[in-house]
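Student: Below, each chain spelled out in residue letters.
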Amino acid sequence: MLIQRASDIPSSEITPEDLYHNRREFIKTASTILGLAAVGTIVPGCAPESVGAAGEAQAKGKYDTTEKVTPFEDITSYNNYYEFGTGKDDPARNSKNFKPKPWSVKVEGMCKKPATYNPEDLIKGIATEDRIYRMRCVEAWSMVIPWAGFPLRTLIERLEPLPSAKFIEFKTLVDGNQYPEQRRSFFKVLDWPYVEGLRMDEATHPLAIIATGIYGKPLPNQNGAPLRLVVPWKYGFKGIKAIVNIRFTDKQPVNTWQQQASQEYGFYANVNPNVDHPRWSQARERRIGEFLKRPTLMFNGYADQVAELYAGLDLRRNY
Amino acid sequence: MPKYNRWWILKPVVFLLCLTPTLWISRAGWLTFQGLPGGLSANPLDDIIEFTGIWTLRFLMITLAITPLRRITGISSLIRFRRMLGLFTFFQGCLHLTSYVWFDQTFLWGEILKDIIKRPFILSGMIGVTLMVPLAVTSTRKWIARLGGSRWQKVHRLIYLSGIAGVIHYYFYEKSDIVDPLAYGILLTILLGFRGWRAMRQRGLKPAAT
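First to last, the protein sequences are chains A and B. Letter by letter, the first sequence follows residues 1 to 319 of the working numbering. Letter by letter, the second sequence follows residues 1 to 210 of the working numbering.
Keep in mind that the hints were calculated from the coordinates and are not lab data. Ideal Cβ positions, reconstructed from N, Cα and C, are used throughout, including at glycine. Please note: incorrect hints may appear among the correct ones.
What the hints assert, rightly or not - Straight-line distance between alpha carbons at most 25 angstroms, and here's what the computed DSS-like set of lysine-lysine pairs gives: (1) A:106 - A:251; (2) B:175 - A:88; (3) A:217 - A:101; (4) A:217 - A:99; (5) A:96 - A:217; (6) B:114 - A:188.
To be verified - Listing some non-contacts, in silico: residues in chain A with all C-beta distances to chain B over 10 angstroms: (7) 65; (8) 73; (9) 166; (10) 189; (11) 267; (12) 276; (13) 286; (14) 309.
The shape of chain A in the complex, shown without the other chains (with noise of 0.2 angstroms):
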């Protein structure tokens, strides 16, 4: 569909990605030649260190982390959407049949442009960058995601939103055909549909990207798939997927985790590792491959780029 347009950085150089998937069929071949796919042991030389980096993805832009990018494999088959259930694994074993073509988006509120559009003409003319963001979930999980997408902000100022707006709300399809969390009427997880919000400032600021791919890939359905919000400052359940909806407002949107759970996940989100969740600390993290936890960063990393947005705001009441 839309969006991928070629990149000016050939995926062959953001990842050696095929490589990554050689070696795995290297050592299933291997190992199953030698009988030990059960035992799975001893194949000397194919040890993950010697094959590991599946990422030396290279930093290009100014804002690109330069930290070993999460191989595909486990950016894709280890995901929280809610909808396609609630395990790890659900995700990309239920979205195999998802369909994020033909896919429309309704923008309404207070902005010049209200309309459904199809992703196409909403987007038309905008060129995709890579962005490699760490990604750090509210579970004390984190990743670092080679995206493809564009500055909302890009998208924002082609529906100009009327001055009057201050919020941006977004939501995400309700398909229960599609999404089998969506069918189940006793003990639902979430009310549905999906709602997350931004401030318009946080909304526009050059960090915050609509995702439309990843590895230099069409974005997975697992992964929010065709449209799917991305703002690496504040914990991953901000990122909205599979974008249907998106209102300009000038009330602060209840997103749907805060909704839930409001003593636990706020507006805001923000990563903080000052802040604990009242279950489990936020001070460290486990980054996807690694052994030991490692400290987590205010605004994950990002707080020479966005920390004068929250000037004078209390972070430690709005969580």
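Using the hints provided, position chain B relative to the given structure of chain A.
Tutor: Then chain B, alone, in the frame of chain A:
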């Protein structure tokens, strides 16, 4: 030959069965470490914490089910497995606690202490495991003799509290899907309710004054 002998034959079988979850997670962990398929998720350490936790609760429920099963089915010999099942519960609890201390907190004792004090989630789990320690210690024949049957039994009723703490801990763990913790809560209520119901009925049947 005395009839009960066949139960001794079954014991190693049950023992091996009880060991399978641990063997399974060990194999899966090893496969993951080797980068082979069939392993755990991208976050294997958290998988291990979760797996050992849920199995602690499962073993606890199985152990608590022995007495009601004996009464209902009349197969009294089931009692022969109760100690082993109880010790496996404790074993899983220890694995769970160790994986938390190691993988989650990497032996930062100060952090662990803070966690216990600040968070009912962690506190309830700690209580659940800690209450099992005296039970494991006094699980031997020697201790039964030393304490005397009825006193020993009283001590071992601590497992009820441990089970309640465990279910509360599980409830705190879940972010929004409460079906599973609820199911364990209902199961525990049935298992403990059965005992309460019997105790009341027995009391009712006894002659009033002694």
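Student: Decide, hint by hint, whether the structure agrees.
Tutor: Outcome of the hint check:
Of the supplied pair hints, the one linking residue 106 of chain A and residue 251 of chain A holds, its CA atoms being roughly 19 angstroms apart against a limit of 25 angstroms. Under the criterion of a C-alpha separation no larger than 25 angstroms, the hint pairing residue 175 of chain B with residue 88 of chain A is consistent with the structure, at around 13 angstroms. Proximity of residue 217 of chain A to residue 101 of chain A is assessed by CA-CA distance (about 15 angstroms); at most 25 angstroms being required, the pair is judged to hold. For the hint linking residue 217 of chain A to residue 99 of chain A, the alpha-carbon distance of about 16 angstroms falls within 25 angstroms, and the restraint holds.
About 16 angstroms separates the Cα atoms of residue 96 of chain A and residue 217 of chain A, which keeps this hinted pair within 25 angstroms; it holds. At most 25 angstroms may separate the alpha-carbon atoms for a hinted pair to count; residue 114 of chain B and residue 188 of chain A exceed this at roughly 33 angstroms. Non-interface call for residue 65 of chain A relative to chain B: holds, since the shortest CB-CB distance, roughly 19 angstroms, exceeds 10 angstroms. At roughly 8 angstroms from the closest C-beta of chain B, the C-beta of residue 73 of chain A falls inside 10 angstroms, breaking its exclusion from the interface.
No beta-carbon of chain B is positioned within 10 angstroms of the beta-carbon of residue 166 of chain A; the least distance is around 29 angstroms. Here residue 189 of chain A does not stay apart from chain B, with its beta-carbon only about 5 angstroms from theirs, under the 10 angstroms limit. Even its closest Cβ contact with chain B, about 18 angstroms, leaves residue 267 of chain A beyond 10 angstroms, as expected for a residue assigned away from the interface. The Cβ of residue 276 of chain A sits about 8 angstroms from the closest Cβ of chain B, inside the 10 angstroms cut-off, so the non-interface label is violated.
Once the 10 angstroms rule is applied to beta carbons, residue 286 of chain A is inconsistent with being away from chain B; the minimum gap is 7 angstroms. Against chain B, the non-interface label of residue 309 of chain A holds: every CB pair exceeds 10 angstroms, the least being about 27 angstroms.
In summary, the structure is inconsistent with hints 6, 8, 10, 12 and 13 from the numbered list given earlier, while agreeing with the others.
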